[in-house]
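With the hints in hand, could you dock these two chains into one complex?
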Amino acid sequence: MGETNCLFFWMGGLITPPLPNLLAGALAEMGKTRLNPYRFQSFQQHSEDLILGRLDGTAFCQALCDWALPGCSGVDLENRILAQAIVDDRILELIQGLPVRYARWVIVDLPSPWFLALKDRKKIIDCFSDEKVLLLSEAGLPHVMPDLLDTLADRARQPMSRCLLLAQNAHRTIQALNYGMPAAVITDASRLKRELILRNMIVQFDPMDRWSLSL
Amino acid sequence: MTVISQQIEVLSEGRFNVINITDQVKQFVNASRIQNGQALVYFKHTTGAVIIGEHETGIMADMIDLFERITPTDYPYKHHLRAVDYNGHAHLRAAVMPTSVVVPVVQGILMLGTYQEILLIDDQVEQEPRQVILQVMGE
Chain A
1 MGETNCLFFW MGGLITPPLP NLLAGALAEM GKTRLNPYRF QSFQQHSEDL
51 ILGRLDGTAF CQALCDWALP GCSGVDLENR ILAQAIVDDR ILELIQGLPV
101 RYARWVIVDL PSPWFLALKD RKKIIDCFSD EKVLLLSEAG LPHVMPDLLD
151 TLADRARQPM SRCLLLAQNA HRTIQALNYG MPAAVITDAS RLKRELILRN
201 MIVQFDPMDR WSLSL
Chain B
1 MTVISQQIEV LSEGRFNVIN ITDQVKQFVN ASRIQNGQAL VYFKHTTGAV
51 IIGEHETGIM ADMIDLFERI TPTDYPYKHH LRAVDYNGHA HLRAAVMPTS
101 VVVPVVQGIL MLGTYQEILL IDDQVEQEPR QVILQVMGE
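These protein sequences, in sequence, are chains A and B.
Position 215 (the first sequence) corresponds to 215 in this note's numbering; numbering is contiguous.
Position 139 (the second sequence) corresponds to 139 in this note's numbering; numbering is contiguous.
So here's chain B without its partners, still in its complex pose (with noise of 0.2 Å):
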């Protein structure tokens, strides 16, 4: 069996900005000439997730709308006493979302549905350069 990893750079703004990726990852298991196995897509921060849905303005203003009921981004948090950062919506947020995806590789073909996307939800209050790491397993 044989491991390919990449760590990519995303550009994002932040605060719940959601980023289709899926191309990118389309191209990287392209590269890999794996034919069968899967792909995982790994988002290395904690203020943030990786989903599979539909890349549909409606359905991101819905969750928004969602995690604002739930995780207000005005609220005094716990998290926000160390005075470090203020951003206890974002880790909340992230800790009930997947932080990584596996999709199915078979044929070299990424086993996406037609309306499913790869997408970033990076939720930081600040700018800053996401990583994610790509790894397909294989043969």
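Next up, chain A with everything else stripped away, as it sits in the complex (with noise of 0.2 Å):
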């Protein structure tokens, strides 16, 4: 396994929160509390489709509503997962912090219009130079796994081997490791941090450092 040169970050579960999770957050603040949406039995189809843009982000959350809240608004559960998707600041904190020979790239897994519309975007678009940005919405796509691996390495111009993706859904990072990519599962920014420190990637133990001791 060679160096890496290139990392890429996937952005729901690791920036901001999974979408199960907002989705979760968003049916509470409407009514359904403990609803939890792999009750869904489309969930899965609809939640890559949506990811790979064959869905818009309003149809999808129309077929949610009428599935969970018969007779609610498909808009109002989009704006509420919205303002669900908040940045972990954290995170973007230890990215902004790695020497810049790594390039960092971030997967946004949501609809294109959910990514323009999110308040902290610019806080995202500050760790990431637009073309670093990959919109798996808009990348054309036939499935998310395995056809996105490949794409990360043409995009990045680098082997498979060179690359490192950081996620924190366990199923896409075994299967990016399996097909050949070095993938690590990352579910906080200490585990990220410890990570990165375990890589080399960042320097080691700083005693003033806030949040090291948190681990």
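Please keep in mind that the hints were generated in silico from the structure rather than gathered at the bench.
Please read these numbers as outputs of a predicted model, since none were measured by experiment.
There may be inaccurate statements among the hints.
Said to hold, decoys possible - List time: in silico SDA-like cross-link candidates among lysine to any residue, alpha-carbon distance up to 20 Å:
no.: 1; chain 1: B; residue 1: 26; chain 2: A; residue 2: 93
no.: 2; chain 1: B; residue 1: 26; chain 2: A; residue 2: 119
no.: 3; chain 1: B; residue 1: 26; chain 2: A; residue 2: 188
no.: 4; chain 1: B; residue 1: 26; chain 2: A; residue 2: 189
no.: 5; chain 1: A; residue 1: 119; chain 2: A; residue 2: 162
no.: 6; chain 1: B; residue 1: 44; chain 2: B; residue 2: 103
no.: 7; chain 1: B; residue 1: 26; chain 2: A; residue 2: 191
no.: 8; chain 1: A; residue 1: 119; chain 2: A; residue 2: 93
no.: 9; chain 1: B; residue 1: 26; chain 2: A; residue 2: 190
Here you go:
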């Protein structure tokens, strides 16, 4: 395995909460507390269609409302989802602190209009230059995995072994690793920091750091 | 001695989904205010487990490889003869993994090592809500 040149950060679950959690939070606000979106039988297919741009955000939300909250508006659910999509500043702080030798990409797994409407979007853009924002909904992929992995290596012009995928979804990281792209499951900023230190990508322990002691 | 219990529901995609619930257990222990005792984490299903391990992608991939060798997903399990569900592999894997873990609580802190995480493994073939019981006892 060669030296890592390029890091891909999966937005949902790492920089913002993952889509199922956004949905669960938004549905709870609308009176459906403790509703697991995975109970929605078509959830997996609908969310893959949403991520890949085959279904727009409003249609996705309307389908969920029709199932969970008959009579409610998909637009209302959509707005609530966007309000839940709070950016994790500590993750972005770590990404900004990476040495410049690492190319940094973000994989956006939200529909493009949702990404544009994120109130914290600027913070994300500050971390990743425009050409390193990969909107899955505009990538024209038939499937997320493994198709995305070839696209990532192509766009970065790097062999897969020089890339590193960082994502909160364990399945995706396992699929990537099995396909030949190094990957790490990351659930929060403290664990991201630990992983980057282990891989010698950032400097070791700083005793004055306000959250390095949190693990 | 005080005993406090809580049931939590975990969002899971199933299919050997490994979910890190360490932070939820830490929050539960903190909220209990118990200083010295034990915390129990118990998985309430027959197609998964709770383990203590490192939440690392390579380890998870290796575990899946291991279980695919000894309990392949695609195999004519006798459990399938009942024609109710087709998750024989998940039941067998669950039978050789722990359903619960116990972690000491000392001075209000869950005594986990640097790389130890409390991991829920859900191997159900369908996406179902997964229930986990958290219980802390002590004083």
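So, going through the hints one by one against the coordinates:
1. Between residue 26 (chain B) and residue 93 (chain A) the alpha-carbon distance is near 25 Å, which puts this suggested pair outside the 20 Å criterion.
2. The straight-line distance between the Cα atoms of residue 26 (chain B) and residue 119 (chain A) is roughly 31 Å, outside the 20 Å bound, and the hint therefore fails.
3. Simply put, residue 26 (chain B) and residue 188 (chain A) have alpha-carbon atoms about 15 Å apart, close enough for the 20 Å limit, and the pair holds.
4. Taking the CA atoms of residue 26 (chain B) and residue 189 (chain A), the gap is near 16 Å; set against the 20 Å cutoff, the hint holds.
5. At roughly 33 Å between alpha-carbon atoms, residue 119 (chain A) and residue 162 (chain A) are farther apart than 20 Å, so this suggested pair is violated.
6. Taking the CA atoms of residue 44 (chain B) and residue 103 (chain B), the gap is about 18 Å. The hint holds against a cut of 20 Å.
7. About 15 Å separates the Cα atoms of residue 26 (chain B) and residue 191 (chain A), which keeps this hinted pair within 20 Å; it holds.
8. For the given pair, residue 119 (chain A) sits about 17 Å from residue 93 (chain A) by alpha-carbon distance, which is consistent with the 20 Å threshold.
9. With a CA separation close to 15 Å, the supplied pair residue 26 (chain B) and residue 190 (chain A) stays within the 20 Å bound.
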